[in-house]
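Starting from the known structure of chain Y, fit chains E and D onto it as the hints suggest.
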Amino acid sequence: MVLMLAALAACADATPAASASSAAMRVVSLSPAITETLVELGLRDRLVGRTPWCQGVSEVPALGSMTEVDLGRLAAARPDLILLQRTAMGAPPGLREAAADRGWRVEEVACASLADVRTLEARVAGAVGVQASAAREAQWEQALRPLGTLSERSPTVLLLSAEPVMAIGNDAFLAEAWAAWGGVTSPATPGYPPMSLEDLFALRPRSILLIGACPSGATLEAACAQRSIAFECIEDGRLLRPGPALREGLGAWRESLEARAR
Amino acid sequence: MTLQARDMSIRMGAFELGPVSVAFEPGRVHGVVGPNASGKTTLVRGVCGLQAIQSGAITLAGVPVHAMAAAERAARIAFVPQRSVMPPALRVGEVVALGRLRMQRDPQAVERSLRQVGLLEREMDRVDALSAGQSHRVAVARMLAQLAPTTQLVVLDEPTASLDPAWSASVARVARACADRGCVVIVATHDFGFLGACCDQAILMAEGAVRALGPVATVANPESLSALFGAPFAWAHGIAAQPVAMPRW
Amino acid sequence: MRSARGWIALLVIAVACVAARLLVARSLDGTLQLGWQADAAAWRLGAVASGAAAGAALALSGLLLQSLLRNPLASPFVLGLSGGAQAAMALAALLAWKAGAQVSPAASVVVGCAGSMVALLLCIAFGRSRERGLDPVSLVLAGVVVAAMLGALATLCEWMLPPSERVAVHAWGLGRVPEAPPTVLLVALLLVLGVAAVGAWSGGRALDAMQLSDDEARSVGVPLTGMRWSIVLGASALAAAATALCGPLAFVGLVAPHAARGLLGGAHRRTVPATLLVGAALLVLADATRAIIPVEGGRVPVGVVCALAGGPAFLMLLRRGAAGAWRT
Numbered sequence: 019m020v021l022m023l024a025a026l027a028a029c030a031d032a033t034p035a036a037s038a039s040s041a042a043m044r045v046v047s048l049s050p051a052i053t054e055t056l057v058e059l060g061l062r063d064r065l066v067g068r069t070p071w072c073q074g075v076s077e078v079p080a081l082g083s084m085t086e087v088d089l090g091r092l093a094a095a096r097p098d099l100i101l102l103q104r105t106a107m108g109a110p111p112g113l114r115e116a117a118a119d120r121g122w123r124v125e126e127v128a129c130a131s132l133a134d135v136r137t138l139e140a141r142v143a144g145a146v147g148v149q150a151s152a153a154r155e156a157q158w159e160q161a162l163r164p165l166g167t168l169s170e171r172s173p174t175v176l177l178l179s180a181e182p183v184m185a186i187g188n189d190a191f192l193a194e195a196w197a198a199w200g201g202v203t204s205p206a207t208p209g210y211p212p213m214s215l216e217d218l219f220a221l222r223p224r225s226i227l228l229i230g231a232c233p234s235g236a237t238l239e240a241a242c243a244q245r246s247i248a249f250e251c252i253e254d255g256r257l258l259r260p261g262p263a264l265r266e267g268l269g270a271w272r273e274s275l276e277a278r279a280r
Numbered sequence: 519m520t521l522q523a524r525d526m527s528i529r530m531g532a533f534e535l536g537p538v539s540v541a542f543e544p545g546r547v548h549g550v551v552g553p554n555a556s557g558k559t560t561l562v563r564g565v566c567g568l569q570a571i572q573s574g575a576i577t578l579a580g581v582p583v584h585a586m587a588a589a590e591r592a593a594r595i596a597f598v599p600q601r602s603v604m605p606p607a608l609r610v611g612e613v614v615a616l617g618r619l620r621m622q623r624d625p626q627a628v629e630r631s632l633r634q635v636g637l638l639e640r641e642m643d644r645v646d647a648l649s650a651g652q653s654h655r656v657a658v659a660r661m662l663a664q665l666a667p668t669t670q671l672v673v674l675d676e677p678t679a680s681l682d683p684a685w686s687a688s689v690a691r692v693a694r695a696c697a698d699r700g701c702v703v704i705v706a707t708h709d710f711g712f713l714g715a716c717c718d719q720a721i722l723m724a725e726g727a728v729r730a731l732g733p734v735a736t737v738a739n740p741e742s743l744s745a746l747f748g749a750p751f752a753w754a755h756g757i758a759a760q761p762v763a764m765p766r767w
Numbered sequence: 311m312r313s314a315r316g317w318i319a320l321l322v323i324a325v326a327c328v329a330a331r332l333l334v335a336r337s338l339d340g341t342l343q344l345g346w347q348a349d350a351a352a353w354r355l356g357a358v359a360s361g362a363a364a365g366a367a368l369a370l371s372g373l374l375l376q377s378l379l380r381n382p383l384a385s386p387f388v389l390g391l392s393g394g395a396q397a398a399m400a401l402a403a404l405l406a407w408k409a410g411a412q413v414s415p416a417a418s419v420v421v422g423c424a425g426s427m428v429a430l431l432l433c434i435a436f437g438r439s440r441e442r443g444l445d446p447v448s449l450v451l452a453g454v455v456v457a458a459m460l461g462a463l464a465t466l467c468e469w470m471l472p473p474s475e476r477v478a479v480h481a482w483g484l485g486r487v488p489e490a491p492p493t494v495l496l497v498a499l500l501l502v503l504g505v506a507a508v509g510a511w512s513g514g515r516a517l518d519a520m521q522l523s524d525d526e527a528r529s530v531g532v533p534l535t536g537m538r539w540s541i542v543l544g545a546s547a548l549a550a551a552a553t554a555l556c557g558p559l560a561f562v563g564l565v566a567p568h569a570a571r572g573l574l575g576g577a578h579r580r581t582v583p584a585t586l587l588v589g590a591a592l593l594v595l596a597d598a599t600r601a602i603i604p605v606e607g608g609r610v611p612v613g614v615v616c617a618l619a620g621g622p623a624f625l626m627l628l629r630r631g632a633a634g635a636w637r638t
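Chains as they are written, first to last, in my numbering: chain Y, 19 to 280; chain E, 519 to 767; chain D, 311 to 638.
One chain only, chain Y, in its complex shape (with noise of 0.2 Å):
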């Protein structure tokens, strides 16, 4: 009787993952903006790992990032589908090795442009096998509608961080938004480089948007003020996390700058 079960436990145990239905489906996020998609999918109860800069999910365990993963626990957790923000250097080491072994999928989701964030959704709920939200679409076309406003504040250059100064290139999906709503970004590079004042001042913008908190000590404001360049720092962590808080974060930008244009 106890041979018996104990090989119906190992058995139950070699299960392939694919037959799995999308009911009963494990799914670990190596990417905060996909865990709060998946959040936001309503697949919360689904989420058996995440990384330990996903918010709002503390009951579920850390696991590793797109860097590096731990694989006892993420075997311990069993996984179905493992989803993880699509980078230069490929999956961790050793994760794809692992899912070859153990017949977990393996899916790499590209995050990087504006169109990646916005189908982000849709991608992630069709690896997990469910449906997408119409809504969502609506809401992301509501925050991208062009705003007439901006054409007298381009160039404008948007900046990742003052200290070193660098600049938002023009594939960046920030950038894409700016772009969206009508305006004009500088450097018209791709990337984030890295620059000297002097080359920021260089590009001759009509105002600087910082994303991200004032810095202390306000050698940029003093230098925008002195060439009638408008400064301004929009402290909104949502505009730095690709995914929904990005929609939500821009939607409010646009409502700020509209307010402020009437």
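If you are wondering where the hints come from, they were derived from the structure by calculation, not from laboratory data. Treat each hint with caution, since some may be false.
Stated by the list, open to error - EDC-like mimics (lysine to aspartate or glutamate), calculated; alpha carbons at most 20 Å apart, straight line:
| # | chain 1 | residue 1 | chain 2 | residue 2 |
| --- | --- | --- | --- | --- |
| 1 | D | 408 | Y | 254 |
| 2 | D | 408 | D | 475 |
| 3 | D | 408 | Y | 253 |
| 4 | D | 408 | D | 468 |
The structure presented is a predicted model; accordingly, all values stated were derived computationally and were not measured.
Only chains E and D this time, still in chain Y's reference frame:
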């Protein structure tokens, strides 16, 4: 202006020197001899105040040597170590002038000192271009530049070890001149010619203790030296004004 | 006179470096700009002020350490001073992030100095021996270990920050020459520099005498213990103030004293002012280089320029036998 060591004892690691009680008289050249690791260097460094003492006292003209401030010590005591370190990238003249660090600048004194050791023409050369013997002569010149009316003690630790006979004789003349000025002169040496020709008093040391003390002619005789070193010694004539005990090969 | 030629060469080099920074630049789109640019003037002058002050401080710190340790390979990096400041900044950034706050410039001076001092105390604690006090060899060994430990601490703090916060801390660790130096930091640096430079110049002959053996130095009247402590405190204050303004920068403190000695000889009365000039010129030149080299993907951090240029210079020194020239 006597240098008085009273029950001085020094511990360096496992080595113990003393207790030693010796009076070094001004106007005399005292030669300290003994086998390797007998404590010669420890003794001479101790009486200069460069080595901490565990017990006892060392006074120079009544002033405790270890209580002297750096400037006072430089004014009263001049020292040439066994091995000197030459600052790279400095010139010979600059190194000699360091002897007068705490005194008035005196380019003439530097020149005189260099002339006495025969290195005046190398004054502008870098010290790392000199040989070991020449570097040692620079160290002696530095000590000479340091001599002042306030100098009461001159200590030389094996000064002739790297010098040829001509310059060894020159150092002997320097030691003699210092003694004639009224300083206490102490020389630790393995050079028995130097001991016999230049020194007035001999101090025999072994295993951290003073074995004998007194005039060179009486104390530094072949029997005592043979017992001290465990090697045969004999009287040698014609080396100095009086017979000198030298190792026998 | 050899000395006059050396000074002239030095002044010419210094002026050339400052001119390069003020008059030559390559804009982000690749065009080379020559000549005085009125609208960029404020930034470039600020960068020259920061670079000259920090370069001079690091160079003087390196000179003092090399004299103290009788070791031509000594520099603020050796004693882990820059590493200490970096670790302290990384720790402060981590604690600030957890508290939802920020590290202000004034706080960063204090934090950086505290880190340097901690590194220094650790080196001293482990670099002492009972008989010889501050022993140069033990100090260098302790410094290497302390620098490694503090580097690991800095990396740990960075690792514990979320990826979005790591950028700023990591960038700080690469070094920069600020075009608009925070007044607090610049004034603090200039004060420390002034005091240290005057002290080192007036004590120049005593510094020379410290290159003799301990016994010889004491016998010519150098108050060795007191001087060693003063040098240690002075060198670390210089390194901490420079690091607070510019982040950790390698090789300026190592290479500048050698260049100064090569041009003007080893006497500290000449080497101290020369080292200040060379250090200032070197860092300004590194900053000018970064403003001139092609900029695919943005400006290269100045710390990288320093390391890329200083590294080969250091290797050349090794090859020429600099390490063997100083015997203890």
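Okay, the hints, checked on the actual structure:
At most 20 Å may separate the alpha-carbon atoms for a hinted pair to count; residue 408 of chain D and residue 254 of chain Y meet this at roughly 17 Å. With a C-alpha separation of about 11 Å, the suggested pairing of residue 408 of chain D with residue 475 of chain D holds against the 20 Å cut-off. Taking the CA atoms of residue 408 of chain D and residue 253 of chain Y, the gap is near 17 Å; set against the 20 Å cutoff, the hint holds. At roughly 13 Å between alpha-carbon atoms, residue 408 of chain D and residue 468 of chain D fall within 20 Å of each other, so this suggested pair holds.
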